[in-house]
Every structure is written in C-alpha cells, then in structure tokens.
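Participant: Taken in sequence, the protein lines are chains A and X.
The opening position of the first sequence corresponds to residue 1 in our numbering, with each subsequent residue numbered one higher.
The opening position of the second sequence corresponds to residue 392 in our numbering, with each subsequent residue numbered one higher.
No lab work stands behind these hints: they were computed from the structure.
Some hints here could point you the wrong way.
To be verified - Distance condition first, Cα-Cα at most 20 Å in a straight line; then the derived DMTMM-like pairs of lysine to aspartate or glutamate:
1) X:K429 <-> A:D323
2) X:K495 <-> A:E76
3) A:K285 <-> A:E63
4) A:K205 <-> A:E76
5) X:K494 <-> A:D335
6) A:K376 <-> X:D437
7) A:K390 <-> X:D394
8) X:K397 <-> A:E337
9) A:K5 <-> A:D382
10) X:K488 <-> X:E471
11) A:K12 <-> A:D335
12) A:K390 <-> X:E421
13) A:K379 <-> X:E402
14) A:K383 <-> X:D394
15) A:K383 <-> X:E402
16) X:K397 <-> A:D382
17) X:K397 <-> A:D335
18) X:K488 <-> A:D382
19) X:K429 <-> A:E353
20) X:K488 <-> A:E337
What the hints assert, rightly or not - Cβ-Cβ distance ranges computed for the label pairs, FRET-style:
21) A:K64 <-> X:K397: 52 to 58 Å
22) A:D323 <-> X:I413: 26 to 32 Å
23) A:G324 <-> X:T490: 52 to 58 Å
24) A:Q30 <-> X:G411: 52 to 58 Å
25) X:T490 <-> A:K309: 25 to 31 Å
26) X:T490 <-> A:E123: 30 to 36 Å
27) X:E408 <-> A:A24: 36 to 42 Å
In this text, a Cβ means the ideal position worked out from N, Cα and C, and glycines have one as well.
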Amino acid sequence: MKNNKYLFPIYKNNPDLAYFDSGATALKPQIVLDKMMEYYTKYSANIHRGIYAISEKTTEEYEKAREKVAQFIGGENSEIIFTRGTTESINLVARGWGNNLLSGDEIVSTVEEHHANLIPWQELAKRKNLKLSFLEIKNNKITDDLEKVISEKTKILAITQVSNVLGIENPIEEIIKKAREINPEIIVVVDGAQAIPHLKVDVKKMDADFYAFSGHKMYGPTGIGVLYGKKELLEKLEPVNFGGGMIKEVYLNRTIFADSPDKFEGGTPPIAEAIGLGMAVDFLKTTDNQEKMIGEMIKKELKLRPWIKIIGGGDSIFTIAIDGVHPHDIATILDSENVAVRAGHHCAMPLHEFLGINATTRISLGIYNDENDVKKLIKALDKVWTIFTKK
Amino acid sequence: MDDLYKEIILEHYQNPENRGEIEDGIEADEANMLCGDKLKIMVKCDGQKIVEAKFSGGGCAISMAAADMLLTKIIGMTLEDVKKIKDEEIEKMLGIKLTPVRKKCAYLGLNVLKKL
Numbered sequence: 001m002k003n004n005k006y007l008f009p010i011y012k013n014n015p016d017l018a019y020f021d022s023g024a025t026a027l028k029p030q031i032v033l034d035k036m037m038e039y040y041t042k043y044s045a046n047i048h049r050g051i052y053a054i055s056e057k058t059t060e061e062y063e064k065a066r067e068k069v070a071q072f073i074g075g076e077n078s079e080i081i082f083t084r085g086t087t088e089s090i091n092l093v094a095r096g097w098g099n100n101l102l103s104g105d106e107i108v109s110t111v112e113e114h115h116a117n118l119i120p121w122q123e124l125a126k127r128k129n130l131k132l133s134f135l136e137i138k139n140n141k142i143t144d145d146l147e148k149v150i151s152e153k154t155k156i157l158a159i160t161q162v163s164n165v166l167g168i169e170n171p172i173e174e175i176i177k178k179a180r181e182i183n184p185e186i187i188v189v190v191d192g193a194q195a196i197p198h199l200k201v202d203v204k205k206m207d208a209d210f211y212a213f214s215g216h217k218m219y220g221p222t223g224i225g226v227l228y229g230k231k232e233l234l235e236k237l238e239p240v241n242f243g244g245g246m247i248k249e250v251y252l253n254r255t256i257f258a259d260s261p262d263k264f265e266g267g268t269p270p271i272a273e274a275i276g277l278g279m280a281v282d283f284l285k286t287t288d289n290q291e292k293m294i295g296e297m298i299k300k301e302l303k304l305r306p307w308i309k310i311i312g313g314g315d316s317i318f319t320i321a322i323d324g325v326h327p328h329d330i331a332t333i334l335d336s337e338n339v340a341v342r343a344g345h346h347c348a349m350p351l352h353e354f355l356g357i358n359a360t361t362r363i364s365l366g367i368y369n370d371e372n373d374v375k376k377l378i379k380a381l382d383k384v385w386t387i388f389t390k391k
Numbered sequence: 392m393d394d395l396y397k398e399i400i401l402e403h404y405q406n407p408e409n410r411g412e413i414e415d416g417i418e419a420d421e422a423n424m425l426c427g428d429k430l431k432i433m434v435k436c437d438g439q440k441i442v443e444a445k446f447s448g449g450g451c452a453i454s455m456a457a458a459d460m461l462l463t464k465i466i467g468m469t470l471e472d473v474k475k476i477k478d479e480e481i482e483k484m485l486g487i488k489l490t491p492v493r494k495k496c497a498y499l500g501l502n503v504l505k506k507l
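Using the sequences plus the hints, can you model the full thing?
Facilitator: Right under this line is the structure:
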C-alpha cells in the first residue's frame with residue numbers, strides 16, 4: 001500500500017496523528033507551501049498593476065493558477081472567479097443574482113445542505129420576498145420526485161453534490177437535467193466543497209450554472225475558493241465587492257466595470273493562496289489516491305461493531321453515532337489516542353433535525369490516510385465503548 | 392484522559408441523582424445547538440434557601456455530570472450564593488483538568504443556574 005504521508009510536513013511534527021477531519025479541512029502538502037513561499041520570497045508583487053518584471057511574473061502565476069483550476073473542472077478561464085471560499089462563492093451568487101428575481105419567485109434547496117448553501121438563500125428570500133422550499137431525502141438520497149417541489153416558478157436550485165454529513169454523492173447531472181425539464185430557465189447553483197477533493201468534476205457535463213468550492217479542502221491554502229459560472233450568466237451577475245482592480249473606467253459619478261472574472265475580484269486578491277491552489281490542483285491530479293480502499297476497510301470494521309450506528313457513509317465520509325455516548329465524548333476519547341474526528345452538527349443543523357438526531361461524529365478521509373490510521377481509529381472507538389460500558 | 396472519564400463522572404452521567412422535573416419551581420435553560428446540548432434546571436426555594444433542584448436535557452458526559460453534581464451541592468444555598476460560585480470551583484468539584492473547549496461543557500450547568 002502506498003503511503004502519501006511523507007508529502008505532508010505536519011506528520012513530521014505530529015508523527016502519531018491519525019487525521020480524519022479532511023471534510024473540515026485537508027492537510028497541506030509541502031509542494032503547496034513551497035509554491036506559496038516561492039511567491040513571497042521571489043516575486044511578491046501585486047497583480048495586474050506594475051510594469052516591472054516581478055509584477056508581470058506575479059500576474060502570470062496568478063492567471064496560470066486560474067487556468068489550472070479551469071482545466072481541472074472543465075471551464076474556461078474567464079468563468080473562474082477566485083473568492084475566499086465556498087461560503088463567499090455562494091454569497092456572491094445570492095447577492096449578485098438577486099436583482100434578476102421578482103417577488104413571488106421561488107428558490108429550491110435541500111434538507112441536507114451545509115449552512116453555507118442555505119443561509120444565503122434564506123437571506124435572499126427574505127430580502128426579495130421569495131418562497132424557499134426544500135427537496136427531502138429518503139434513505140440518505142434526494143427523493144426523485146422533483147416535480148413535487150420544483151415548478152416553473154422555481155428560479156434557483158441550490159444543491160450540494162456531496163453531503164458533508166451523509167457523504168453520499170447526489171446524481172447531480174440527472175437532477176439538473178430533470179430540473180431543466182420542469183423549468184428551462186432555472187439557475188442551478190452546486191455546492192462542490194465536499195465533491196472536489198474526491199470526485200472527477202466536469203461542470204459542463206453536469207451542466208451546472210454555478211459551481212462553488214474551497215481551496216483548503218482540496219489540499220490548498222485557506223482563504224481561497226472558486227466560483228465557476230457560465231460565461232453568459234457571469235455577464236448578468238452583478239459584482240458585490242467594489243473597488244480597485246474590478247473596473248475599466250471610473251469617473252466621479254459612474255464606473256464601467258471590467259469583464260469577468262476581474263469584475264468580481266475587487267481589491268488585492270489572496271495572491272499567494274491562489275497560486276498555492278494552482279499547485280494543489282497539480283497535486284491532486286498527480287497523487288495516487290487510495291481513499292476508496294481505506295474507506296472500505298473502515299466500513300468493514302464499523303459494521304463489525306453493532307454498537308456503532310452508521311448515520312451516513314459514502315466513500316470518504318462516515319458519520320456515526322454510539323448509543324449513550326455524546327459525540328463530544330467520542331471525539332475527546334479519540335483525541336486521547338491521537339485520532340482527530342469532528343463532533344457536532346457539521347454546519348448542517350437542519351439535516352440533523354430532519355434525521356431526528358442531536359449531533360454526530362464524522363470520520364472523513366484524505367489522500368494521506370493509511371492502514372495504520374484505520375487501526376488507530378478502530379482501537380480508539382473500542383476504547384470509547386470500553387469506558388462507557390465498564391462496571 | 393482516563394482521568395477525564397473517571398468513574399465518578401461516568402456514574403453521574405449514567406445514573407444522575409438529580410434528573411427530573413419540578414412543576415412549581417423556577418426554571419432556566421440554555422441550549423448549545425452546535426454541540427447538541429440542551430439543559431433545563433428547575434429549583435424550588437423555601438424562603439431564600441434552595442430545597443430542591445432538578446435538571447432535564449441531554450449533552451456530553453462532562454456537561455451532564457457537572458450539572459448533576461452541582462445540583463446536589465447547591466441544596467441549602469441561596470440563589471445569591473449560587474451566583475457567586477466561580478467557574479474554577481466546577482473544575483475542582485469534578486476533580487479533573489479541562490481543555491478550553493471542554494470547559495464550556497463543564498460550565499453549562501452553572502451558566503444556567505446563574506440565569507435563575
């Protein structure tokens with residue numbers, strides 16, 4: 001079995017760490033950090049401004065990163081907007097598209113969304129007096145009778161590709177196709193935060209209108225994310241961040257905005273982070289991934305333990321509950337064995353409510369997890385059970 | 392670690408002395424939705440003195456055990472006295488060292504009591 005741990009410097013400082021919280025944020029490989037350091041130490045200028053060598057170099061590297069992201073998801077360069085992350089990407093759509101909606105229009109989302117793909121729509125609905133309704137789930141899958149919720153009045157469908165709790169991949173291509181059969185004008189906004197580190201994403205093939213994701217969950221830096229948007233829609237999307245770098249001409253009383261993507265990237269962007277993200281794309285494309293095999297091992301071990309209830313399980317996310325043990329206590333005991341997992345609602349409170357559970361413990365995989373991590377995880381889970389059933 | 396989940400805490404978590412309801416007392420509650428914790432505390436006073444205290448709700452072992460132990464401790468005290476209880480006394484009562492995150496769990500009961 002191949003081991004990718006040596007590519008991640010955090011293991012030099014924490015050799016015993018079994019990290020199972022990649023769904024929250026992934027660890028960073030050395031080459032991404034080196035690439036960012038290269039920017040800071042070799043050509044650390046601003047973009048699109050200076051007429052001197054290192055500024056030209058910075059602009060070139062920044063735009064090269066955009067090109068890498070574009071190729072990675074099957075979009076064009078001008079369709080890739082750099083943001084701070086998934087949350088900011090979705091907020092940009094919700095705010096910048098709002099003026100195309102009229103009172104009485106409808107937005108449809110799902111009960112399994114991360115708060116980042118729910119609250120921006122709640123706020124938009126409040127502001128524009130829109131109706132917000134939700135697709136439900138059954139056996140952890142989005143119900144397929146879309147026409148019960150989506151109608152001709154539905155102007156936006158906001159949906160995640162992979163649930164951050166259930167770990168299940170939604171048949172997004174099929175859902176988008178069906179939604180367009182009901183309303184050809186519908187705008188589909190896909191939250192790709194949990195999909196992009198694990199799946200081959202092709203925005204054109206799935207026919208998403210907007211696709212949002214974060215750099216830090218795909219082995220890139222924090223503070224950088226992406227909003228993909230179809231070219232013709234980006235022309236209609238209004239910028240929400242006004243200032244330097246996003247203009248063509250400015251007069252005292254009016255401004256002509258730049259074209260996409262510059263129009264949406266007002267102010268100095270996170271340059272080092274964007275360049276780092278470009279390297280993270282290269283890293284993901286070229287590194288052997290054995291998550292599926294590790295996931296199978298975990299699934300097998302979990303199923304051997306009847307006291308573990310599997311709430312959700314895909315290939316790289318396993319969400320569990322243990323009767324009589326609060327997730328915080330599970331996480332604390334796991335931490336005592338150097339096993340890092342997430343406990344709580346995972347920013348998906350409505351989903352927990354829908355499932356009728358309080359909080360859960362989430363085990364999420366990354367490219368570095370190996371057989372040894374699985375052994376530590378299972379040993380630590382057994383310790384939880386021993387502690388809470390002794391006497 | 393094994394200290395954190397020592398017997399006395401697990402005992403109070405699994406077999407609490409003060410879980411229940413008081414119909415005609417005063418009550419306060421607090422929810423930490425992010426953790427999935429909810430705690431309601433009800434007390435009954437005779438004059439100034441607390442004569443009965445119960446809690447309901449759910450949460451982690453630390454928050455529930457701390458609340459249970461605390462409710463036994465406050466019998467005979469006045470609400471004024473209770474408001475003077477310091478956070479550190481909770482740690483002392485539990486007899487364990489807490490990380491900053493778990494301190495929030497441990498102090499939940501005291502926070503609710505101070506709302507009364």
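Participant: A:K390 and X:D394 were given as a pair; does the straight-line alpha-carbon distance stay at or below 20 Å?
Facilitator: Holds - the C-alpha atoms of X:D394 and A:K390 are around 14 Å apart, at most 20 Å.
Participant: Are the Cα atoms of X:K488 and A:E337 separated by 20 Å or less?
Facilitator: 17 Å, holds
Participant: Hinted pair, alpha-carbon criterion (20 Å max): X:K429, A:D323. Please report holds or violated.
Facilitator: 17 Å, holds
Participant: Within a Cα-Cα threshold of 20 Å, do A:K376 and X:D437 meet the stated pairing?
Facilitator: Since the Cα atoms of A:K376 and X:D437 sit roughly 54 Å apart, the hinted pair is violated (cutoff 20 Å).
Participant: Next pair to validate is A:K379 with X:E402; report whether the Cα-Cα distance is within 20 Å.
Facilitator: 24 Å, violated
Participant: Between the beta carbons of A:G324 and X:T490, is the distance compatible with 52 to 58 Å?
Facilitator: Once the Cβ atoms are compared, 23 Å apart, the range 52 to 58 Å for X:T490 and A:G324 is violated.
Participant: X:E408 and A:A24, beta-carbon distance inside 36 to 42 Å?
Facilitator: At roughly 37 Å between Cβ atoms, A:A24 and X:E408 fall inside 36 to 42 Å, so the hint holds.
Participant: Check the hint pairing X:K494 with A:D335 against an upper bound of 20 Å on the C-alpha distance.
Facilitator: 16 Å, holds
Participant: State, for the Cβ atoms of A:Q30 and X:G411, whether the hinted interval 52 to 58 Å holds or is violated.
Facilitator: 57 Å, holds
Participant: Between X:T490 and A:K309, does the C-beta distance stay in 25 to 31 Å?
Facilitator: 27 Å, holds
Participant: Checking one constraint from the list: CA of X:K495 to CA of A:E76, max 20 Å. Satisfied?
Facilitator: 48 Å, violated
Participant: For the pair supplied as a hint, A:K390 and X:E421, confirm whether the alpha-carbon distance does not exceed 20 Å.
Facilitator: 31 Å, violated
Going down the numbered hints, you'll see the structure goes against 2, 6, 9, 10, 12, 13, 18 and 23, while the others check out.
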